[in-house]
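Engineer: Those protein sequence lines, which keep their order, are chains R and A. End of the first sequence = 156 in numbering that gives the first Met the number 0, gap-free, step of one. End of the second sequence = 144 in numbering that gives the first Met the number 0, gap-free, step of one.
Any given hint could be a false lead.
Listed below are several chain A residues computed to face chain R (Cβ distance under 10 Å; list not exhaustive) [as the list claims (entries may be wrong)]:
| # | residue |
| --- | --- |
| 1 | Arg68 |
| 2 | Thr71 |
| 3 | Glu110 |
| 4 | Ile111 |
| 5 | Asn113 |
| 6 | Ala114 |
| 7 | Thr115 |
| 8 | Ala117 |
| 9 | Ser118 |
| 10 | Ile119 |
| 11 | Thr120 |
| 12 | Ser122 |
| 13 | Thr123 |
| 14 | Lys126 |
| 15 | Gln127 |
| 16 | Arg130 |
Simulated from the structure, these hints should not be mistaken for lab results. Yeah, the Cβ is synthetic: ideal placement off N, Cα and C, and Gly gets one too.
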Amino acid sequence: MNKADSAIAKPDITLRRIRQTDLASVVALDTRVTGHAKPEYWNDMYERFASRRADQRFFLVAEGDGKLHGYMAGEVRAWEFGSEPCGWIFGFAVDPDSRLRGIGEALFQGIADEFRRVGITTMRTMVPRSSTLPMAFFRSEGMVAGPYIQLELDLEH
Amino acid sequence: MQQASRLAIYALIELASDPDKQVSVSEIGEKYRISAHHLAKVMNTLGRAGLVRSIRGVGGGYSFSGNARRTTLLDVINLFEDTSSDCRLHDSHVATPVEWALFDVTKEINEISNATLASITISTMLKQIERNNKAAARKEAATVE
Ligand SMILES: CC(C)(COP(=O)(O)OP(=O)(O)OC[C@H]1O[C@@H](n2cnc3c(N)ncnc32)[C@H](O)[C@@H]1OP(=O)(O)O)[C@@H](O)C(=O)NCCC(=O)NCCS
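Construct the complete structure from the given sequences, taking the supplied hints into account.
Structural biologist: This is the structure we're talking about:
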């Protein structure tokens with residue numbers, strides 16, 4: 000698909016904060032993308048993100064033509080691992096039928112704007128290095144490897 | 000990264016920055032200070048991979064014919080060198096524990112490096128160059144003021 004095609008196909012998208020009525024669509028989209036249905040997890044996320052610390056937790060959805068096309072959730076975390084406060088993106092997905100039309104980028108910019116608004120200057124995320132698609136997406140948005148390296152130990156070894 | 004891979008990436012970015020443009024080997028060579036002979040071989044390989052198209056005749060040269068949003072740096076490098084971790088241990092049957100331990104370290108580094116190269120497309124490189132140019136222009140404007 001070239002740029003002209005994607006411009007024509009792009010639905011009118013509005014970004015806004017999540018509402019209770021979006022939960023079923025978020026669960027359905029997450030289930031479709033990950034293959035695991037976890038309604039309790041999303042209910043819990045909604046409680047934490049929509050009702051408390053609204054200046055530090057952001058859960059955005061992309062809506063268009065009366066349909067939910069994607070979401071992205073992020074949170075300000077301070078002093079973990081000795082780090083200055085920074086914004087973490089830890090959940091996101093765009094509907095497979097709505098991809099490659101700039102919705103992921105709009106959500107990314109939307110979350111970045113929320114973080115900027117509360118004075119945050121660094122945004123981070125963690126991606127499995129085998130997940131080529133999210134890796135390519137975050138790279139294309141300008142993200143680069145950060146100053147931390149994640150380490151782990153196999154406790155059964 | 001070997002020199003041929005590096006040259007290939009320079010040439011692809013140069014051509015992909017304007018897919019309608021035709022650029023001669025000598026023009027690219029001059030810009031990146033590379034011998035035309037060396038570059039010609041690299042362009043042949045890129046042509047066989049379908050990433051560039053050669054145009055004959057006066058004013059001929061090469062133009063980009065790949066998909067910049069799908070071609071990653073690793074795809075390009077793999078045309079010129081072996082990036083897998085497998086063959087780094089000379090003979091795994093007789094390798095000592097010391098050789099295995101060092102192999103594990105180099106494998107770990109190689110996997111991170113490959114994941115990075117596989118996530119950066121030619122189009123992402125072009126975007127990054129544009130961002131860098133804009134940042135440099137902003138900095139210059141700030142010092143002039
Ligand atoms: C990653 C994802 C959010 C991208 O959403 P999207 O709406 O398609 O992204 P956009 O259209 O805004 O694309 C932005 C950039 O990302 C990159 N990109 C997106 N899809 C890509 C693909 N399939 N291949 C390579 N690059 C891609 C491109 O560089 C693109 O920019 P371009 O269009 O100028 O080339 C979406 O594919 C997704 O939800 N994937 C699954 C995520 C997931 O696994 N979530 C659960 C774990 S938390």
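Engineer: Can you verify the interface hint for Asn113(A): is its Cβ closer than 10 Å to any Cβ in chain R?
Structural biologist: 9 Å, holds
Engineer: Given a cut of 10 Å on the nearest C-beta pair, is the interface hint for Thr123(A) held or broken against chain R?
Structural biologist: With a minimum Cβ separation of about 5 Å from chain R (threshold 10 Å), the hint on Thr123(A) holds.
Engineer: Please check whether Ala114(A) passes as an interface residue: C-beta within 10 Å of a C-beta belonging to chain R.
Structural biologist: 4 Å, holds
Engineer: Next item in the hint list is Gln127(A). Is there a CB on chain R closer than 10 Å to its CB?
Structural biologist: 7 Å, holds
Engineer: So, Ser122(A) near chain R? Judge it on the closest CB pair being under 10 Å.
Structural biologist: 7 Å, holds
Engineer: Less than 10 Å between beta-carbons is the criterion; does Lys126(A) satisfy it with respect to chain R?
Structural biologist: 6 Å, holds
Engineer: Holds or violated: Thr120(A) as interface residue toward chain R, Cβ cutoff 10 Å?
Structural biologist: Since chain R brings a Cβ to about 6 Å from Thr120(A), closer than 10 Å, the hint holds.
Engineer: Hold the hint about Thr71(A) up to the distance rule: shortest CB distance to chain R must be less than 10 Å.
Structural biologist: The hint holds - Thr71(A) has a Cβ within 10 Å of chain R, the shortest such distance being about 8 Å.
Engineer: Against chain R, run the beta carbon of Ala117(A) and see if the smallest gap drops under 10 Å.
Structural biologist: 6 Å, holds
Engineer: Mind checking the CB of Glu110(A) against every CB in chain R and telling me if the closest is under 10 Å?
Structural biologist: For Glu110(A), the interface hint holds, since the closest Cβ of chain R sits about 7 Å away, which is under 10 Å.
Engineer: So, as I understand it, the hint says Ile119(A) touches chain R; can you test that by seeing if any CB pair is closer than 10 Å?
Structural biologist: Status holds, d = 5 Å.
Engineer: Against chain R, is Ser118(A) within 10 Å by beta-carbon distance?
Structural biologist: Hint holds; Ser118(A) Cβ to chain R Cβ min 4 Å, cut 10 Å.
Consistency with the previously given hints is maintained throughout, with no hint failing.
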